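Enquirer: Going by the numbering used here, the sequence shown opens with residue 44, and the numbers climb by one from there.
The set of hints was computed from the structure by calculation and includes no laboratory data. Don't take every hint at face value.
[To be verified] Using C-beta positions, here's what the derived DEER-type ranges look like:
#, residue 1, residue 2, range
1, 170, 67, 30 to 40 Å
2, 61, 83, 11 to 21 Å
3, 171, 78, 15 to 25 Å
4, 161, 129, 16 to 26 Å
5, 64, 170, 36 to 46 Å
6, 169, 129, 30 to 40 Å
[Said to hold, decoys possible] In silico DSBU-like cross-links for lysine-lysine, where the CA-CA straight-line distance does not exceed 35 Å:
#, residue 1, residue 2
7, 94, 52
8, 71, 52
9, 71, 60
10, 121, 71
Values in this document were obtained by computation on a predicted structure and should not be read as measured data. The beta-carbon is built from N, C-alpha and C at its ideal position, and this holds for glycine as well.
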Amino acid sequence: CEEEGNEAKEVFDATWKMCMVSPTDQEKYILSAGLALGRAGKYQSCIDFLKHGDVDDTMGQPLIAATMLACIKSFQYKEALQVYQNAYLSSSSLMSGASTTEWQWGGKSDVIHPSCIDSVLRAFGGMA
């Protein structure tokens with residue numbers, strides 16, 4: 044990586060390039076990237092990328108779920124729930140991004156993506 048802490052940006056940039064080649068697997072690529080970063084212990088880099096990176100709604104809610112999965116894979120369950128809470132309460136464009144919700148939910152902008160719900164349940168399960 045060019046700079047320490049930039050790992051998530053580099054990984055998600057590469058992931059997005061793969062998504063352009065195979066758009067039907069977009070969600071799988073994004074979630075897999077989060078899992079890989081979590082396995083490497085780079086959950087904080089994911090959180091920083093989500094908060095401060097050059098992120099628009101193109102990756103949508105799967106990016107939130109991927110960040111949560113990175114935290115979970117690093118056994119940072121409270122951090123995972125905090126990521127969800129921050130995204131949900133902020134009314135982030137990622138939570139209601141038109142590209143994700145239109146494709147997944149037929150235009151409804153207030154529905155939470157199943158990957159986010161799954162990640163919340165995993166985080167709660169890890170805390171038990």
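Enquirer: Against each hint, give a clear statement of whether it holds in the structure.
Expert: Going down the list of hints, with the structure as the test:
Checking the proposed 30 to 40 Å range against residue 170 and residue 67 shows it holds: the Cβ atoms sit about 34 Å from each other. Distance hint for residue 61 and residue 83: a CB-CB separation of about 18 Å, consistent with the stated range 11 to 21 Å. A hinted range of 15 to 25 Å holds for the C-beta pair residue 171 and residue 78, which are about 21 Å apart. For residue 161 paired with residue 129, a C-beta distance near 18 Å keeps the hint of 16 to 26 Å intact.
Taking the beta carbon of each, residue 64 and residue 170 are about 37 Å apart, inside 36 to 46 Å as hinted. Checked against the given bound of 30 to 40 Å, the beta carbons of residue 169 and residue 129, roughly 18 Å apart, lie outside it. At roughly 11 Å between alpha-carbon atoms, residue 94 and residue 52 fall within 35 Å of each other, so this suggested pair holds. The suggested pairing of residue 71 with residue 52 holds, with an alpha-carbon distance near 17 Å, which does not exceed 35 Å.
Our distance criterion of 35 Å between C-alpha atoms is met by residue 71 and residue 60, whose separation comes to about 13 Å. A distance of roughly 24 Å separates the Cα atoms of residue 121 and residue 71; the hinted pair therefore holds under the 35 Å criterion.
The earlier numbered hint that this structure contradicts is number 6, and it is the only one.
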